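Heads up: the sequence lines are chains A and D, in that order.
Using the working numbering, read the first sequence as starting at 1 and increasing by one per residue.
Using the working numbering, read the second sequence as starting at 1 and increasing by one per residue.
Chain A is faced by these chain D residues, among others (derived, beta-carbon under 10 Å): (1) ARG14; (2) ILE27; (3) ASP195; (4) PRO213; (5) GLU217; (6) GLN228; (7) GLN237.
Honestly, the hints are just simulated from the structure, not real lab data.
Everything numeric in this text was worked out from a predicted model, so none of it was measured.
We treat Cβ as the ideally placed atom computed from N, Cα and C, and that holds for glycine.
In case you want the letters, here they are:
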Amino acid sequence: MVEAAPVADPALYDFQRYRDRPRIVWPAGKTVAVWVAPNLEYYEIDPPANPHRKSWTTPHPDAVGYSHRDHSNRVSHWRMAEAMSRNGFPGSVSLSVALCQHHPAVVEDGARRGWEFFSHGIYNTRYAYGMDEAQERAIIEDSIATVQAATGQRIRGWLAPALTHTPRTLDLIAEYGLDYTCDLYHDDQVGTVKVKSGQLASIPYSLEVNDHYGFFVYNMSPRDYADTLIRQFERLASEGARSGTVMCIPLHAYLIGQPHRIAAFERVLEHIAADGRAWIARAGEIVDAWRAQQPGDAA
Amino acid sequence: MSLDPAYLTYPKRRLGYDHEIYPWSVIADRPPLRWPGDKGVAVWFCVSLEWFPLTPADVPFRAPGHMVTPYPDYRHYTAREYGTRVGFYRLLDAFANAGVTASIATNAAIAERYPDIIADIVAAGHEIIAHSTDMNGTIATGLPIEEERALIARSLDTIKRAAGKRPRGWLSIARSQSWNTPDLLKEAGVDYCCDWVNDELPYRFTNGLVNLPLNHELSDRQVITVQQQSADSYAQQLRDAFDWLAGEAGQDHARLLPIHLTPYISALPYRIDAIEALISDLAGRSEAFVAPGDAIVDAWGARR
Chain A
1 MVEAAPVADP
11 ALYDFQRYRD
21 RPRIVWPAGK
31 TVAVWVAPNL
41 EYYEIDPPAN
51 PHRKSWTTPH
61 PDAVGYSHRD
71 HSNRVSHWRM
81 AEAMSRNGFP
91 GSVSLSVALC
101 QHHPAVVEDG
111 ARRGWEFFSH
121 GIYNTRYAYG
131 MDEAQERAII
141 EDSIATVQAA
151 TGQRIRGWLA
161 PALTHTPRTL
171 DLIAEYGLDY
181 TCDLYHDDQV
191 GTVKVKSGQL
201 ASIPYSLEVN
211 DHYGFFVYNM
221 SPRDYADTLI
231 RQFERLASEG
241 ARSGTVMCIP
251 LHAYLIGQPH
261 RIAAFERVLE
271 HIAADGRAWI
281 ARAGEIVDAW
291 RAQQPGDAA
Chain D
1 MSLDPAYLTY
11 PKRRLGYDHE
21 IYPWSVIADR
31 PPLRWPGDKG
41 VAVWFCVSLE
51 WFPLTPADVP
61 FRAPGHMVTP
71 YPDYRHYTAR
81 EYGTRVGFYR
91 LLDAFANAGV
101 TASIATNAAI
111 AERYPDIIAD
121 IVAAGHEIIA
131 HSTDMNGTIA
141 TGLPIEEERA
151 LIARSLDTIK
161 RAAGKRPRGW
171 LSIARSQSWN
181 TPDLLKEAGV
191 DYCCDWVNDE
201 LPYRFTNGLV
211 NLPLNHELSD
221 RQVITVQQQS
231 ADSYAQQLRD
241 AFDWLAGEAG
251 QDHARLLPIH
261 LTPYISALPY
271 RIDAIEALIS
281 DLAGRSEAFV
291 APGDAIVDAW
301 GARR
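Construct the entire structure; sequences and hints are all you get.
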């Protein structure tokens, strides 16, 4: 198969400046749609090598790297999930779908709480880099079937495993009927992605306020991170009075669910829930509400 | 171009883990557990006492905190020695003032070079955990098994000679293990290691070795040196963690708060106040069972 030459601009969306946009309104006059995106992940201890990227930067076994992530599936998932449930926040889960086999109790817990599931690949240690079309179709089909079997849900969204893409990823997921991607970080509102067939929306995933960025890129203290989330919320809720915005809180239980962080985080959820301007929703509901307001594009 | 078809096969996609080192266990499903005195939160102070040779060996890897500048790096060598000569005694005093016993994860080289400090640790009633030979004694896959076996034996034997007692616990440098480490530790008669950070209670490996999780995110190295936060922020985070764990433990359950301190980091004059206050504060909490690692492992083994 001949790969297409790299392009400087993938032409995934039209440029639309952040003023004079058509007004988006959220249910009940809320100004900002808030969704929480726990990553329920499985990292293999000794994965096969992808020629484009190493899975662990140390020789295997990476006792700290592996067991730190494993903290989610033994301890902190439940701590994070309880804090969300107590404050009325459902999850929209980016799921390493092999977790349905390894630790089904974690997936069942999310499903029982009414969480929505989308795919984050098979494992977070298997990267799409270098996959041909048949291989990429295989992981999409695996994701659809695995989540369907485990939860009864038909996945609608995609967050590429470890954020690894091929140039055809977005076309393929749309062809399979998925209708939102979390892989594009160009806006604070939902927008249309141009794909060869089907419909695809980009929903803001807010990588910059991902707990991984907060704690391991920007080295924030737990209280500083909580303050960051509140500032993010306040700004987006205010701007959303003009046209509805989206705030995503992407999480990893092994980070946010640590005992020195969870209380500060729970205060953020309390703040947002009490504010009155937030439409607390699942990703699919936000995409649906946005799509219903698109001229001639109603699903 | 495409990936090898094997990249899309998943032979270990099954219930449980993709390895046999320890079984899966969800903390919420475990039976009720209390620490001695009906306490809810075990507070475990673990201090690393390390000797960094002036000649770092990079096999299998260079330890965190090791030499930085070209030879001879007196700056970092002596700064770490300051922690051992001066800073560690500030911590010993702080523990004594608060009535706290701790685990001291000790390089064998400390025992060889400075037997007095071992005597002071033993006299104060602290536990000594074996912490490799010196800071060139790093472990990772690729280290020949005989070398790793010898490294573990040398560490344990040397500390036994100086302390009069063979360590029951093991902490690898940077918590880095090879595939062989758990079995070699078991074979050497070690009761527990502190390398895997995935839990907030002790748990047992398949081979019988206990893991006592020493959370690396709550170490002074991670928060103060790597993330460059203040000692006050560090102490605040530990108090927040304690408060949360005490609430979660309630009347029926138990949790573990590990606090990993490094003398050349935490025991500097401008930081030690925050650490002293933290030690005294936590030691005074009614929910706290403050104990060294061996006592926590024994209490867990007796009561679970």
